[in-house]
Amino acid sequence: MKSVRVMHKKEKTIELKELAIGYSSQKNIKVIAEHITSDIYSGELTCLLGANGIGKSTLLRTLTAFQPKLSGDIVIHGKKIEKYPEKELATLIGVVLTEKFEIKNMTSYQLIGLGRSPYTGFWGKLALEDKEKIEEAISLVKIENLSERMVDSLSDGERQKVMIAKALAQETPIILLDEPTAFLDFPSKVELMQLLHQLSRKTNKTIFLSTHDLDLALQIADKIWLMDSEHGIQIGTPEDLSLDGNLSNFFARKGIVFDQYTGLFRVENDFNKQIKVIGHGQIYAMIRKAFLRNGILASRDIESDFSVEIKENRILLYKPDQSPIGITSIEELLNHIMI
Amino acid sequence: MKRPLIVFALISTSILVFFILNLVLGTISIPVGSVWNILFGIKEESIIWENIIWKSRFPQTITALVAGAGLSISGLQMQTLFRNPLAGPSELGISSGASLGVAFIILLSGSVGGTALIKMGLFGEIAISIAAVAGALAIMIIIITISRFVRGNVILLIIGVMIGYIATAIIGVLKFFSNDEDVRAYVIWGLGSFSKVSGNQVYTFVGIMIVLIPLSFLLIKTLNLMLLGDGYARNLGLNVKQARLYVIVCSCIITAIVTAYCGPIVFLGLAVPHLCRTIFVSSDHRILMPAVTLTGASLALFCNLVARMPGFEGALPINSVTALIGAPIVISVLFGKRKNEVG
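These protein sequence lines are chains B and D, in that order. Letter 93 of the first sequence, counting from 1, is numbered 93 in the numbering used here, and no numbers are missing. Letter 150 of the second sequence, counting from 1, is numbered 150 in the numbering used here, and no numbers are missing.
Incorrect hints may appear among the rest.
To be verified - In silico negatives: residues of chain D with every beta carbon more than 12 Å from chain B:
1) L5
2) S12
3) L21
4) I28
5) W36
6) G41
7) I130
8) A169
9) I170
10) V173
11) F176
12) G229
13) L236
14) L238
Unchecked claim - Examples of chain D residues toward chain B, derived with CB under 10 Å:
15) A233
16) Y246
17) S282
Calculated directly from the structure, the hints in this document are not laboratory data. Fair warning: this is a prediction, and the values are worked out from it, not measured in the lab. For glycine and all other residues, C-beta sits at the position ideal for the given N, C-alpha and C.
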């Protein structure tokens, strides 16, 4: 990326050694995932992918010390997580959670200001330095226009940005986010992921998040963690995971195809009919796409009753024993074919 | 930053005005000058007037002042703790719990010991206070346990009301087995009033509250963090379990002490925090805590004044007045919010 001004040194911030996570009660222990050994680096955006219920939230909760690990070690900056007192952890890990709160009569600025709590005194009064840090966080996330708005009037996307600013004001080298893109519309998702990616570069923070947005994660994340019940956790750049087949194995289930060429996923449609389509270019691709959605495979190499030809950006439909019909839109084409 | 200061000044002034009016007005009106003379011992005034001021109006006035402040603080703490705008000392059944504790003491003491405890002076007072605190805490623990399982403001409120009914039912059973004198003592206590506290009791009560109210101010930062919910609060370094315990104990003890001395007083604790949030347009407890303390005191003085308006023989039940003033405040605040949400 050209926009990177200062290249920071990447450092190991979180080391996981043979970590097992899950829940334990007096009666039994429920292991959600085990043998997790990996490192998370600063200056990178790491995305945790996995199906619902696989334990993404449990992993995040364990990393934030909200819940105890079962065995193994979480080492942050060379020190085991359980050795940190609560107050110190508050200056080490900042979180953005899925839990919603309803606060009336509080401005975004005040909310971001609460991120300074670990540094403020007994009454929580903001000192000059705290105010500078809040301003800095606001400008990093570019929400100057939101700072005087009441938090209960914000949209979901704006609210997430405010929460990210809160985490930045908290001045922690590590920021963990639990599904920050959930509930957002698509443009907001893209914007948020890009923002987080830029922040990881600009601030050299370790940013780790869980998400269901495969496409976005594969395009924007520096590292991907794939979590599933069979293989445990697979880690790598999106490209490496796609080259070694991990990604396609991972989501190898009906309805999803991993396209090795684009390195992205697409929806798989079964077909029960084939139609000959001759041509190239965008129109060809679009016809193929529309056909596939309707259970028809477009192919250059077969023979069929109906056939379609793309000639000089025009679509011609050949029906048996009829002269070619000129078609002006794909909708029209489908109407002819789908009778 | 200017607006809060002006409002604080206005509320403080209203306290002063209501305080004086509480001393001046009544079935017998005493001129301000004479009240002044009596209070500061400047000049001898009529002995009747002196008695009215010292034995009746002054104790009643400071009781209202302190009780109003205390109940409002307790209400604010509960609303933040439960993150529920409808939480309040009487609404969640905490006052009922305190009443139950008191009922056990007042009603059973006669049957067990043969003498009515209410007549036993300081020892009786302490016993009643402890019983009220125990009863309030017991109910609070039940409510908190239930609130872990149920989501939603209204359900919690309904459960609070139901627990209140159960407490009342148990009190009814206790009454049945008690002697008449105790029942009468309990019924009078149960009406709720700022005027039953008399003589030295007032100073014990005010003394306790003067310690408790500043103590509750120590929880300001904690309460601000609690607004964010457990996860965020914890991530910002708050020991959530401990903090919750402090807030519960603080708010229960305040409610219980007020209830022990004044009987159950409804609506003040619920209405005042809403009023303050609207007036100050803030959720910051650094503003809200002093705000509810002063507004609670002012509103209680006003209610007491209304209850004792010249023209009424005797006094109206204080709870009728607090409900008549408090309920519309709550309704208007809730409606106001609804409007804002839509618009």
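Quick rundown of the hints versus the structure:
no.: 1; hint: L5; result: 16 Å, holds
no.: 2; hint: S12; result: 21 Å, holds
no.: 3; hint: L21; result: 31 Å, holds
no.: 4; hint: I28; result: 44 Å, holds
no.: 5; hint: W36; result: 37 Å, holds
no.: 6; hint: G41; result: 39 Å, holds
no.: 7; hint: I130; result: 31 Å, holds
no.: 8; hint: A169; result: 34 Å, holds
no.: 9; hint: I170; result: 34 Å, holds
no.: 10; hint: V173; result: 38 Å, holds
no.: 11; hint: F176; result: 44 Å, holds
no.: 12; hint: G229; result: 5 Å, violated
no.: 13; hint: L236; result: 4 Å, violated
no.: 14; hint: L238; result: 8 Å, violated
no.: 15; hint: A233; result: 9 Å, holds
no.: 16; hint: Y246; result: 14 Å, violated
no.: 17; hint: S282; result: 5 Å, holds
Checked against the numbered hints given earlier, the structure breaks hints 12, 13, 14, 16 and satisfies all the rest.
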